[in-house]
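> Listed below, chain by chain, are the residues.
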Amino acid sequence: MTTSPYEHHEYDVLIIGAGGAGLRAAIEAKQRGLSVGIVTKSLLGKAHTVMAEGGMAAAMGNVSSEDNWRVHFRDTMRGGKMLNNYRMAELHAKESPDRVRELEQWGALFDRTKDGRILQRDFGGHRYARLAHVGDRTGLELIRTLQQKVVSMGTDVYMECKVLQLVHDESGRVAGAVAYWRPTGEFVTFAAKTIILASGGVGKSWKFTSNSWESTGDGHAMALWAGAELIDMECIQFHPTGMVWPLSVRGLLVTEGVRGDGGVLRNSEGERFMFNYVADMFRAETAESEEEGDRWYDDHNAGRRPPELLPRDEVARAINAEVKAGRGSPHGGVYLDIGTRRTAEYIRRRLPSMYHQFMELAGVDITREAMEIGPTCHYIMGGVKVDADTAATKVPGLYAAGEVAGGMHGANRLGGNSLSDLVVFGRRAGMAASDYVEGGSGPSGFDWGEVESAVARALAPFENENGENPYDIQRDLQEMMQANVGIIRTGDEIEFAITELETFTERVKNISVKGGRAYNPGWNLATDLPSMLTVSKCTSRGARERKESRGGHTREDFPKASAEYGTFNLAHTIAGGTWDGEITTERSPLLTMPDELKALLEEGK
Amino acid sequence: MAEVTMRVWRGDASGGDFENYTVTQNEGEVVLDVIHRIQATEAPDLACRWNCKAGKCGSCAAEINGKPRLMCMTRMDDLPEGTVTVTPMKTFPIIRDLVTDVSFNFAMAERVPALLPPPMPEDGYRMFQEDVERGQEFRKCIECFMCQDVCHVIRDHEENKQYYAGPRFFIRYAELEMHPLDQNDRREYVREEMGLGYCNITKCCTEVCPEHIKITDNAIIPLKERVVDAHYDPVAWLGRKIGRRTKRSATEAGVQPAP
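Sequence lines, in order, name chains A and B. Read in the working numbering, the first sequence has 858 at position 461, and its numbers run on one by one without any break. Read in the working numbering, the second sequence has 144 at position 133, and its numbers run on one by one without any break.
Bear in mind the hints are in silico, worked out from the structure with no lab data behind them. Hints are supplied without guarantee of correctness; some may be wrong.
Here are the simulated lysine to aspartate or glutamate pairs, EDC-like style, with alpha carbons at most 16 Å apart [what the hints assert, rightly or not]:
#1 A:K511 x B:E141
#2 A:K491 x B:D89
#3 A:K911 x B:E148
#4 A:K511 x B:D142
#5 A:K911 x B:D56
#6 A:K511 x B:E53
Quick look at which bits of chain A chain B covers, simulated, 3 or more residues with Cβ under 8 Å [as the list claims (entries may be wrong)]:
#7 541 to 551
#8 749 to 755
#9 786 to 793
We put the CB at the ideal spot given by N, CA and C, even for glycine.
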């Protein structure tokens, strides 16, 4: 092997991303005795997992003894509008209870039932109380537990180190990655027998989002550039309840736990409008009147679930429609009220972060006043196409788990299914990558040409003197995507976005960066923008091709779901492995579900 | 829309100085919004660390008008009128501008002997809410490290860092000590290796905690009491002398494999 001109490390398993999926994968590979490196753009423990609030879904049956994996599978498929990879949904439903319990072995402290078991809470789209939680800071508990476990195992963690591109051997297997240290700006190369992408989501390409600066779709983009396929990229979840005021916090998440714990939605006329938006698919299990819904809060057997607890796509569209019809709140949202039903003590105990967040940032006391909320870009269902059992992508040696992987959630993710997704498939990716290494597979070389071209591309903005400020491009991109490929889409707007994205590609090639390489956020953004553009292009192309409305993809010009479109995913590939290469979008048929699983979907319809 | 002057420390390990920026300030904005506006316009290379902008990740700690605060949770309209001064946390070495090298904390995390639970029953552990609540208070910690920043033992005494874990890790040790499942005993270790005795309970850490964890009252003082009990208990003392122990020592505990 050529000697690297840069700092160089070698691992059996290199993990990109240190959220729930990456850390869980690391634990698995470490337990197998392999050498493991984790690379993260931020400090350890700050990944987006930390922001998950309400809980992790697992059919443990601690609160509702009727619950089991079959019902969880059914809820997940129905929530995903049947676009899911059924095998992922099946594995997830079967394995998540064990994944929750093992967290307790590593130190997690979940809230308890009276008899000392893990307490579970109600959430949208879940038929039974299913979410293991710690108040409204479940993500923090998950990431801290995994982080402490990984640290106790002596794992190498490269913090504030951003991966720019994956590297192949001459046969097309994955062979490593090239990255740079944010604190110094120096480059670093990693040779690895396998790589697990666990890099999270893409929400930062939209203006109003609950996502942090990190969610720029790096893993999605790098996988595509490396030869993998992306699917379902048009399926973006707009969480129904983000803060809308003050403007500076617009998009900040308000947990679904508020509704799970008794919060209701009202428009400016005081009406609980969700009763007007119950789709046929959910009518049989949803309350018909406020009285029935109210009874359910006290006794789940005394009525059906209130419509505020429908899946997120349904609620987000309803809120959008109310605001459009002129029944919104002063700042363009609707009202979420829990103070009327619950005592101040209950709210502060169950929802401490929400209480704190509204009090400090908006000056609103949620124990007495209603919150103003509206949809916010929250999650991408789409991602790298993987094999359900192994998390393997099309590229030999490359795996993907967590938000960066596609298929598990179909067209819409149920709340609480993300945290469990991370640990179920993080573990599976770790197992499969370890099998690959132990089986003697691995790269036969390391393409230094790919390293040099990635380095040259990263440094180009320093050479360019009169180009654009990357912050201007980012702001314009966010506004353009929000306006044209947002929660409700039309063919004309999507076409406009696709044309605009070509202009953005040219603008990104003309970025100038001021200052040096050490901890330079402007430069860091310049290296994020190619990923943001790549995922935006896939989302727009998927949105153009999917001429129907399904889950997190709503077309005003095709308002209904079509049976034909329910039989395939839209899969994207890129020519030539370059970030600005031509993207090809094709139909990729769904897996055929075995009859015994099909039968589960019919139950209690 | 008002204008505000921000006095921001710019520089690196070799030195630096304050720079003034006059920028727009909109209704409801927090300090981080204004810092972002400076980045997006005048100074795209202004370094600051942040992630969630919701008070949940603890990345954006800095000293605002001399006090450690999360930039994302400090509203501009809550600060006194006039120039707002933003400096990096003082206790940690500077990387650039508002970003400090907090690796001391990650090194201390590596030295924490892991949880050692009994084997898990098939249907999971049983624990009761009142027993987990004590640990849950400490697990609210978002690792902003402001308690470390403000702690006198290390703020003005770099040399103490090798003997002293600091408030963030005292709550971690207290959490493990009070964990219903844990079978490790770290009491001697916290006293001997982690410098618990250096803390003179001035409660500065508690005052700056953005999660309102009662670090001193609920973690450090009970931990000190337990450590004292273990260390000065004549039976335990005799046990140490004659080399017989009923509980594992912390040094051994450090190598106990967790499941």
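> Under the constraints set out in the numbered hints, which ones does this structure not fulfil?
2, 3, 6 and 9
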